[in-house]
Amino acid sequence: MWYNFDPNLEQNPLTYHAGCPVLKGHKWIVNKWIWTAGNMFLRPCGLNPNSTHLDVEHFLFSRK
1 MWYNFDPNLE QNPLTYHAGC PVLKGHKWIV NKWIWTAGNM FLRPCGLNPN STHLDVEHFL
61 FSRK
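For the sequence shown, position 22 (counting from the first letter as 1) is numbered 22 according to my numbering, and the numbering increases by one without interruption.
Keep in mind that the hints are not guaranteed to be accurate.
[As the list claims (entries may be wrong)] For each label pair, taking beta carbons as the anchor points, the in silico distance ranges come out as:
1. Asp6 / His26: 18 to 26 Å
2. Tyr3 / Leu23: 31 to 39 Å
3. Leu9 / Trp33: 16 to 24 Å
4. Tyr3 / Lys24: 19 to 27 Å
5. Lys24 / Asn4: 13 to 21 Å
6. Pro13 / Ile34: 18 to 26 Å
7. Pro7 / Ile34: 13 to 21 Å
8. Ile34 / Leu9: 14 to 22 Å
9. Ile34 / Glu10: 15 to 23 Å
10. Tyr3 / Ile29: 28 to 36 Å
11. Pro7 / Trp28: 14 to 22 Å
12. Asp6 / Trp33: 28 to 36 Å
Note that these hints are calculated values from the structure, not bench results.
This structure is a prediction, so every number in the text was calculated from the model and none was measured.
We treat Cβ as the ideally placed atom computed from N, Cα and C, and that holds for glycine.
Go ahead and model the full structure; you've got the sequences and the hints to work with.
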């Protein structure tokens, strides 16, 4: 894990990265984004204490 920007909000060139092309077989890629600022009020958890997920469609389409 690393920060892409320095405290002056300039991009740190040491954080550039790339991948090699696949010559044979398959390549799987996964990203996990971690934000330093919270988003608990932007995407709240379900109200049911036994809920394992947020009803995304209800949350997205019930807002006006």
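Hints, verified against the model:
Against the hinted window of 18 to 26 Å, the Cβ-Cβ separation of Asp6 and His26 comes to about 36 Å, which falls outside the hint. Taking the beta carbon of each, Tyr3 and Leu23 are about 33 Å apart, inside 31 to 39 Å as hinted. Between Leu9 and Trp33 the beta carbons are some 18 Å apart, a value that agrees with the proposed interval 16 to 24 Å. Roughly 35 Å separates the CB atoms of Tyr3 and Lys24, a value that falls outside the hinted 19 to 27 Å.
For Lys24 and Asn4, the hinted distance range of 13 to 21 Å is not satisfied, since their beta carbons lie about 32 Å from each other. As the Cβ distance of Pro13 to Ile34 is approximately 21 Å, the hint placing it in 18 to 26 Å holds. Distance hint for Pro7 and Ile34: a CB-CB separation of about 18 Å, consistent with the stated range 13 to 21 Å. Here the CB-CB span from Ile34 to Leu9 is close to 18 Å, well matched to the stated 14 to 22 Å.
With their beta carbons about 21 Å apart, Ile34 and Glu10 fall inside the hinted range of 15 to 23 Å. As the Cβ distance of Tyr3 to Ile29 is approximately 21 Å, the hint placing it in 28 to 36 Å is violated. A hinted range of 14 to 22 Å is violated for the C-beta pair Pro7 and Trp28, which are about 34 Å apart. Taking the beta carbon of each, Asp6 and Trp33 are about 19 Å apart, not inside 28 to 36 Å as hinted.
The structure fails to meet hints 1, 4, 5, 10, 11, 12 from the earlier list, while all remaining hints are met.
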